[in-house]
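Asker: Sequential numbering from 0 applies to the sequence shown in numbering that gives the first Met the number 0.
It should be emphasised that the hints constitute simulated quantities derived from the structure, not laboratory data.
Every value quoted in this text rests on a predicted model; they were computed, and no experiment measured them.
Please note that a few of the clues may not be correct.
Said to hold, decoys possible - Derived DSSO-like pairs: lysine-lysine, alpha-carbon spacing no greater than 27 Å straight-line: (1) K15 x K35; (2) K85 x K44; (3) K15 x K85; (4) K85 x K5; (5) K85 x K35; (6) K85 x K103; (7) K44 x K5; (8) K15 x K44; (9) K15 x K93; (10) K35 x K93; (11) K15 x K103; (12) K103 x K93.
What the hints assert, rightly or not - Quick list of simulated restraints, FRET-style, between CB atoms: (13) T70 x K103: 16 to 24 Å; (14) A31 x K85: 28 to 36 Å; (15) E62 x K5: 39 to 47 Å; (16) A31 x R6: 15 to 23 Å; (17) R84 x F105: 16 to 24 Å; (18) E58 x P28: 24 to 32 Å; (19) K85 x E7: 20 to 28 Å; (20) R84 x E46: 27 to 35 Å; (21) R6 x L88: 13 to 21 Å; (22) D59 x P28: 30 to 38 Å; (23) H95 x D42: 30 to 38 Å; (24) E47 x K93: 29 to 37 Å; (25) K44 x Y89: 29 to 37 Å.
Yeah, the Cβ is synthetic: ideal placement off N, Cα and C, and Gly gets one too.
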Amino acid sequence: MGLSLKREIIVFMGAKDVGKTTLINALFPSIAVDFKEPRFFRDYKLEEARYVREVCGSEDVLEILAYSISTWSIFAVMLVFDVTRKSTLYSLEKWHMLVPGGVKVFL
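Turn these sequences into a full structure, and let the hints guide you.
Answerer: Written out as structure tokens, the structure reads:
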């Protein structure tokens, strides 16, 4: 049996400490979230082939993801930011540039 099953991913990304984990916890209360920042990303299983992926908010992760994100089977992307912190608004464009064309993006 091969690994033909593809994960469909809902991605949460944005700067560090904007509330990605808190938002995932609120939207999907059945998931036992880990509030520690992931090194690159962390997957939470929703259904058989659907996952929530929380991406690390560190700036240096942007460079690494630029090479791999196009290979992910993305259903939708949630760009998370904190309006009380201008720096998160400035970095929003960088995160948005990572999203492959044709993917639904929510702010």
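Asker: Hints first: check each against the structure and report whether it holds.
Answerer: Verification of the supplied hints:
{"no.": "1", "hint": "K15 x K35", "result": "holds (11 Å)"}
{"no.": "2", "hint": "K85 x K44", "result": "violated (32 Å)"}
{"no.": "3", "hint": "K15 x K85", "result": "holds (13 Å)"}
{"no.": "4", "hint": "K85 x K5", "result": "violated (37 Å)"}
{"no.": "5", "hint": "K85 x K35", "result": "holds (23 Å)"}
{"no.": "6", "hint": "K85 x K103", "result": "holds (24 Å)"}
{"no.": "7", "hint": "K44 x K5", "result": "holds (13 Å)"}
{"no.": "8", "hint": "K15 x K44", "result": "holds (22 Å)"}
{"no.": "9", "hint": "K15 x K93", "result": "holds (13 Å)"}
{"no.": "10", "hint": "K35 x K93", "result": "holds (23 Å)"}
{"no.": "11", "hint": "K15 x K103", "result": "holds (22 Å)"}
{"no.": "12", "hint": "K103 x K93", "result": "holds (17 Å)"}
{"no.": "13", "hint": "T70 x K103: 16 to 24 Å", "result": "holds (18 Å)"}
{"no.": "14", "hint": "A31 x K85: 28 to 36 Å", "result": "holds (33 Å)"}
{"no.": "15", "hint": "E62 x K5: 39 to 47 Å", "result": "violated (26 Å)"}
{"no.": "16", "hint": "A31 x R6: 15 to 23 Å", "result": "holds (19 Å)"}
{"no.": "17", "hint": "R84 x F105: 16 to 24 Å", "result": "holds (19 Å)"}
{"no.": "18", "hint": "E58 x P28: 24 to 32 Å", "result": "holds (30 Å)"}
{"no.": "19", "hint": "K85 x E7: 20 to 28 Å", "result": "violated (34 Å)"}
{"no.": "20", "hint": "R84 x E46: 27 to 35 Å", "result": "holds (33 Å)"}
{"no.": "21", "hint": "R6 x L88: 13 to 21 Å", "result": "violated (30 Å)"}
{"no.": "22", "hint": "D59 x P28: 30 to 38 Å", "result": "holds (32 Å)"}
{"no.": "23", "hint": "H95 x D42: 30 to 38 Å", "result": "violated (22 Å)"}
{"no.": "24", "hint": "E47 x K93: 29 to 37 Å", "result": "holds (33 Å)"}
{"no.": "25", "hint": "K44 x Y89: 29 to 37 Å", "result": "holds (33 Å)"}
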